[in-house]
Amino acid sequence: MTRRRATQQRLDPLGTLAAWPLSPAIAAIVLCYSVIATVLQQDQIQSPLLATLAVLAMGAAAGTLVIATQPANAPFNGRMHLVMVGLALLGYILEQFSRWGGNLLVQDDFGPVCIGFLLLALAPYRPWRQIAFSGAVASVVAIAITLPQADSFKVEVPIAVYAIVSATQILAPTAAGAAYSRRIVRSILAWQTDARRAIVARTEEARGQMARAVVEQQVAALKSGVIPFLAELLERGTVSALDIAHAGQLAADVRRTLVAEIDRTWLDSVATRERAALTERGTPGLLVVADPEHRATAFRADQRAATAALIGALCAAPGFDPHSLVVQITGTAPPVKPAPSRARPAQALPTAAQDTASVPIVPRSPVAKPAPAAPAPAQVDTITIQAALDLPPRKVRALLRPYLGVIRVVFDNVRVTVRRPSLTIEYDSARDPNEASAERQAPSTPATPAGVRAQKAPRQVR
Amino acid sequence: MSLGLPGHLVQATLSRALARASHWFGLICLAGALLSVLALSVFPVTDRLPVTVAAILGMGALLALLARWRTVPLTIAYLLLGAVCTYLFTSAVLGMPGVFPSSDMFLISLPKMALIMVGGAGSGALIGVLWSTVGFLLAEVAATLAVSQTPVPDRPDVFTIVTYLFLVGVMLLDGLARRTGRAAQPAIHRAVQDDQSRILRHDFDVRAIALMHDTTLNQLVSVARAKPGPLTRGLEAGLRETLQTLAERDWLTHVDERTATSAGNDGWLSSAVFRAIDRMRDRGLVVDITGDKEALARLDPQSDQELGLAVQQCLVNVLLHAGIVTAEVVIDADEQNVSVMVLDAGRGFMEAETGSDRLGLRQSVRKRIERLGGSVVIWSRPGAGTSVLLTLPAPPIVASTIAAAAEAADEAAAEAGPSTELPLSGPVASAHRGTSSAAGQLADKPAPTDRATP
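As they're listed, the protein sequences go chains A and B. Note that this note's numbering has the first sequence beginning at 1, numbered continuously upward. Note that this note's numbering has the second sequence beginning at 1001, numbered continuously upward.
Bear in mind the hints are in silico, worked out from the structure with no lab data behind them. Note that CB positions come from ideal geometry on N, CA and C, so glycine has one too. Take the hints with a grain of salt, since some may be wrong.
Claimed, not checked - Derived contacts from chain B toward chain A, CB cut-off under 10 Å, selection only: (1) G1004; (2) W1069; (3) M1212; (4) P1230.
With the rest of the complex left out, here is chain B (with noise of 0.2 Å):
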């Protein structure tokens, strides 16, 4: 299947790898200079080598824990062990008395090759550049302090500059590169969702068409090849069945019995919501719809298209920040408003932090609902996921049934509150916590461009 990444993965995705290659190509260089140190150790044994041997073996045990939690305190910490370990490398290896005649040995680039490759944490490309460029930093001051200590001559250390560049080479790259070419992604997922429809319209038409053959063009047989005059008493009752059978209802049953026993949800497949939501589902984003989805027929058209552009703001934002693949949203009804709750997991955002430029929520989302006279009410922090909830007046439909009505309270008493207290998943029940304080004032989500930085 060549349901390829879809853009908003894309960069997560690449950094994680790129980090894990990172990391691995520091591993082996760090065991190749643990054993180098070992064999040297066959030589008259310099008293810093237990040191060095410890140095390299805390580096590689941070190593390997930064390649299973990249997290910036571990980040720093390789970093400045990692120094330190270069340092009391450097010095042991180039302090023994005329082994090496300068300071530009393979063996010496190891450790310093190590830090380089630190894979910190973050998904930027720019951020990984910034890591391993205090690598390189570090690595070359503690090896040039540890060089100017022994007699080695200094030689700038090819190895280590090469490595330096070509790391910075592909991080650019994978960082540039992911805007082009990816524009037809978006076609390909169609497609392949578009064969599914076709697949299962192709079984209905199968079925269709069986039941056709079965009665009309049978019956019609039979006519054709009665004898003038009335009607035998088989093919009357031939007749009478299958005029039944062809009853509209009794056929949807034959092609799909779950369609013919379900209720109808065409409103919600015809809402601008829905649209917005398939609109991003072509770009990659694994949205779960929950709740009352049939309450979105209410909507006057005005606010149905309206809605929809906010909800499909609200996820083009999932898809820009939070960095994940499914999106949430939940629908809820009662007697007088509709409301929509998109929820993500993602990264979530502090609204101190936020740039002037809020564009994004702002405009396509606040000033659209509230306009219409609806509200906009968003929870977020950062780690916690947002959730942002839009709610719309929206009277009951009179020719919708007392029961109707009663089913939605029902539904209402079921979810035990208001709408704003929707059944929530795990991120969002901490956001209400996280940002009780914050909850009042209404938060703005920025502009996309505001978050942009990698």
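Chain A on its own, in the form it takes in the complex (with noise of 0.2 Å):
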């Protein structure tokens, strides 16, 4: 997302959830203001049919609005606003036209204050650059509509100020929602890059334990096994027949072992992550993770991040069933080519791959084939979570709201089934073809120095 077409809604879903009432409040506001203007006046008007029907599309363009601004719906695009706005504005040239030549006060009409505050309740959740140019069109058809009607108005001033009085009515609370949006989304920018260099930070804090984890574990798998058949080998400065078959079990061993290892996505550690927090819980788990096709491996990081948390919340909430959750990633079309960061030793380290082309180690599942060049649609990945919570529907929902909130903005599509005990959630990445590699990014703190990476794709393990 450029920084742009930035809204408090994307960066913040969690404060927009907050501020949701708000929208309804503000359709009821101007449902019952275009109701109640065209009621008392209606000595003005010269075609009820068209009062009515001006009522209606603004009822229809408040309608909009809560639909559109419901957290189930979001994020808020520009479809649904050009929606909004243009039931709005028709709303107001149709009461304009209703009382054309009847018209005895600018600002009793209720289309501009209308207007006005329809896109004040914007500010949430769109760029200030649209609410702003909105409301520069709507004064534009307000002026433009109002002039004519100069010699019905009964308050005898120069035209420009009808123009004025229907203009800041639209500008004055389109001008308040554009700062708003305007500056808060600043606020957050400018807290996110703080938190993201925090979040560096306190990884870096971290390294040396990581890295000491990872030598200690693998150290741990050879200990028991091959380094005392090698020393011993060695010591000994013969070779057996026996030896010689213990070796290859072990090197398949070995090897089976480092396909496992290859083979783990991010959402296998998030499994095992969950799976010890049970344990440590007292509630020792089964959670299932099926993505045979590791479409895990193409999704960004603030969708990793959100479907982590999503998890995370399902373990932790009352009523959940630690044997129930099943997480299984599907998708339309087969990967077009093997995930490039599936982990596979780079062909930077000088010594790799020179004894072993007899001995190759083949990936759990088979290599695609690569794909034809013509232009595939764009990839789908589907995520389904299936859990039991033993809780009440409308409590599932309110425990999940702030985490769907966030799903839905990172996500596309995202179904939600409760029927007690068992939930599904499920939601759609699309891949874009041409970012599949762009958009893998390297760790903030990457282990290995930026200059001795290998700029080239990194080879399979063979």
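Grab the two chains, each in its own frame, and use the hints to assemble them into the complex.
See below:
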């Protein structure tokens, strides 16, 4: 998302959830005001049909606002913005035509005030430039439609004043909405810069511990079998047929372990972590990750974090059945190429792949053949999370609302089904074929100095 | 990235954004008022017209200043000048004979609405409501006074009333809503952090696996393909090299050169102080840590635990009261003591102004540390931040060699003085100056509930 298109809703979904009640309130004000103004000013109305249509259009604009700002429909997109502004302008124009020639006052027309309110309500959801631009367009329309009616107005002032009154009613709230949007987006972006810096620093702090843990894990695995075996061979100075068989066996074991580790994705790590947390809480459980094609590797950083947070919230929820969680990733098309971020010894390491050609390490899943160069449709990964949660559906929704709020912003097409006790959450992630390799982020604190990194795609372990 | 605002920044950020919105609303209203007055001057000009124009321009200028610096004097100046301007504008516009039928004209509401949109100093919802209410009352009084001197009948001004009610409603909603739905923010923050760690871990794993592949697997395969009998020279050399590579130190260098060359800091990572800081970081506080972190390993488990809880309380106070993003923790040690200083550049407080309920610092920090024979010193002043220095006795670890002690002494010398004069950041240095009188008697920071009134 570019900075220009940033909105509070996209940057801080939880904060926007808190502001949500404002939009039905504004919609109610708009609807009530247009009805009341129409009823009270019946004597000015020339065409009841147009007046009714005007109220209906304005009501539809208010309804669009409520629907588009619903947390379930997040994020508020540009199309809904256009529809809402279009309906509101239509309502305004119809209102003016319905009282053409009989309009006594500019200030009591509901159109400008309602448009102003509706644009103000967009502040948390739309970029400030678009709010401001909509306001500018609406005020041009207002001026254009007010000036020709100058003869019918009962207050005799220069016609510029009529234009000022109608335009100010639109522009003042619009400017407020745009200013809010701009300011809050800047504040959140500033905070995120700080937060990201802090996260990098924090990761760096634990770096040594992590590196040592990795080495310890590997050494522990080898200490039981391989190291004593090799040391004994060296000491003895001879190789027996039994040693040869044993070496073959050990090599197969090591290879199997390596392949398993290479095939691990972040989702497996998340499941391992949650399993450990469940055991710690005294309710050991079984978390199943089904991702045979390793589609998880295509997820972006924010998608990974949001999914991990959701899974964590489910596992920690009251009434959660620790044996019930299943996370599955499927998709529309097979991966075009093997996901490049999967762990493979980089060829930058000098001694790699010298003498092992005869003992290929084959990944668990067969390597997909390179797809033909034809423009493939955007590939969609669908993640399905199933769990059993013994809670009333209302409570389940309340519990998950903030997490789903974030999920909705970073994924598409979120579906939630709650049938006590089963809960199913599904959502899609569309991969941009052009970004398939470019978007893979290097860690902010890479283990390898940048200059040493292989620029080419890592090679398959063989 | 969905790193939303953490709880402690929500109020200040929303308040700033709402004030900005109010100011723009007000500026547009004033622009409308100005243009209307100019347009009306085509009509027979009232003698007060130049005065009215000047007043609106002045009001607009003050509002622009207020948008830039939200201070109490500017807020008050704006409210007062705005009331005068409203009076002048209303009497000038309504004073035009036979133009306006009554006082409930949108034109008349313009400066009044601008006055309500004062968006004054302070960051609480209630303070905002208070300023706007003052603005509303002043506007209504000024307008009523002006209307009473014209022949036009006085009618209630719906625009102003609705604007006022709406603004108050929005401010209260923002003030109340921040309490709900925010509980998940730390979890999401944590998830982003974990993801970052996972990437690094993954990178390490890849390198470890590569090494494993190059050494162990290669060697096992060579053995598997050897002929029974004595080891060939090549095979023997290969085995020797592999076993050497698998020596832990070497492996670590392969996995992460930086870790292998730097001294271990696991003592710091396993300390309670680190865990306390980590928890606060999950809540969105950015904590910079400097100084001799490893010194914390010298504390016995109980002191470590208590110091961790005390530091946590200090950081909670920063979250609750300081209204800022970052805090700094400086760790220092000499031969007898280990000290931790928690600094923030936030609002600060005046000892005399704090309430009687001072449980936060008194119980959670001071009692805790003093029970273990340590001491607590607090410097603070409104606007100059707060520093809390916690010192605990900690004998040097016997195992640590003379070299370590010499290093500690060197550091102490480099910092030119005892532990109370740590390398200080700006605001704290000023806190030193500002509260030299108060530093003697140790101040207590109030309990969180004290200063929660927005």
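Structure-based check of each hint:
1. G1004: 4 Å, holds
2. W1069: 15 Å, violated
3. M1212: 6 Å, holds
4. P1230: It holds, given that the least Cβ distance between P1230 of chain B and chain A is near 5 Å, below 10 Å.
Checked against the numbered hints listed earlier, the structure breaks hint 2 alone; every other hint is satisfied.
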